[in-house]
Amino acid sequence: MDLALLEAEIRKVWGRPIFELAVALVFFISLNSVQTLFEITTFPRIQSDLSRLVIFSLIRITGAQMLPLVLLCGILVSLSFARDYEQGQMQTLLSLPVSRAAIFAVKFVAVVLPLTLLSWVLTLFVLLMNYCSPVANSIVVQSVSWALPVTFLAVMFYAGLAAMIALALKKTIASVLTTVLAGFFVWFISTLTPEMLGSIADYLVFTPYKAPIMTLERLFDVPFMHEPGLEATVSPAAFFLLLIFYAVMFLVPTYIYFTKKFEVKE
Amino acid sequence: MNITRIGLVSLIVGLILLLNASSSHVSGHLSVSYDILDEGETQTYVILTAPVGPANMCIGLRPTSPHSDLPPGFNQYDLTEVPVHLKLVDANNRTVVEQDVITPDCFDVNFGARGTYTVYVTNNGNASTTMPLSVIFDFHNPENREADKYLLSIALTALGAALIAAGLVITFVSKHRKPRKQPSG
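For the record, the sequence lines run as chains E and W. Note that the numbering used here has the first sequence beginning at 521, numbered continuously upward. Note that the numbering used here has the second sequence beginning at 3, numbered continuously upward.
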């Protein structure tokens, strides 16, 4: 991957005020999802109670961050691909002595990596600030380290979807709106209840919106709040595989299309 | 990333934190009871807390319905007027309260530092009993905001404002600096 190209793309995508808005949105949501430290316990239970508090807060933060991350990721990827096409910069990029695969990777990584790192750093900051103590710090670092791959894979799914929409529509506003609507649609599906859907609601834990949260819950063996459904029968590794599948589901066809078939009309 | 942008990010984070930390996030009544305490035995409670300020701590206060499983006086181990020795050690390992009291007994406590507060209760009575520990906060009292988060938010906001000002001054100076005269010849 061309590092100079990546740096230029990151500067372009994360220019003022995008980065500041993303920080504000993700930090505000993370801060409001964390539970204030106040717990009465006993000496033998300190470690387990602290772990429970930290993991509960981590899962709440990850769940709450998902919608803004999806929307941000969709908008930025759409802007990155469709705006370049509309403004004629794609033609310039494709004429550079850089492979199409590198251009695609640069555009993808310039959005996905900073967004994942931003979410992870702010989650770590909020949790460390909230539970700061010699006992809790190691628990926070250990548990938050698992959130990094989970968030990365979740963001990759939406980035792949957004890239596909942007390359198909080739218009900035249309692709941004379609990506936002698609993100809201996936989120909306996950809010449906068994009263509305019946037994199909059991499968909602496998949707791209719920799967990252379920992965963390199964990974940390969080006790079920209500009668466990299908998620109880699926191992954390299987949920991870599902996330990887979602991450490459749109990415691979979009990559193939971009490197083999995509043409810029004069 | 230039200094003005770092300042702007710090200012944004500081202001959002200030907004969150200026209000109380602990209010109401938290009551916990673990094992049955026999005569002469000591029960130790650990309170993990942020510096959330003043509260009222009660020992031996029976939970009222609907929180309790049984009506008051129904459980043979829910005794009142039990003489106990009480000791409260704060997060800095200082003994804040050490006295003999009769349950239920309430006293004021200030959670001024983040960390672990330890409560030791010794049953000096002649019967086994449960010994609930309750902490009662005022309803959304601004004094119960987290002191360290509040300080951090002010520090981040001030740092952000200072960095933005510094960045603007640097930009202004660098734009208006007179170009050096080139040696002729």
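Calculated directly from the structure, the hints in this document are not laboratory data. Any given hint could turn out to be false.
To be verified - Partial list, derived from the structure: chain W residues whose beta carbon lies under 7 Å from chain E:
#1 I14
#2 N22
#3 V48
#4 I49
#5 I104
#6 P106
#7 I138
#8 F141
#9 H142
These numbers were taken from a predicted model, which means no experiment stands behind them. Beta carbons: idealized from backbone N, C-alpha and C, even for Gly.
Structure-based check of all given hints:
| no. | hint | result |
| --- | --- | --- |
| 1 | I14 | 5 Å, holds |
| 2 | N22 | 5 Å, holds |
| 3 | V48 | 5 Å, holds |
| 4 | I49 | 5 Å, holds |
| 5 | I104 | 22 Å, violated |
| 6 | P106 | 16 Å, violated |
| 7 | I138 | 12 Å, violated |
| 8 | F141 | 15 Å, violated |
| 9 | H142 | 13 Å, violated |
The structure is inconsistent with the numbered hints 5, 6, 7, 8 and 9, although it conforms to all the rest.
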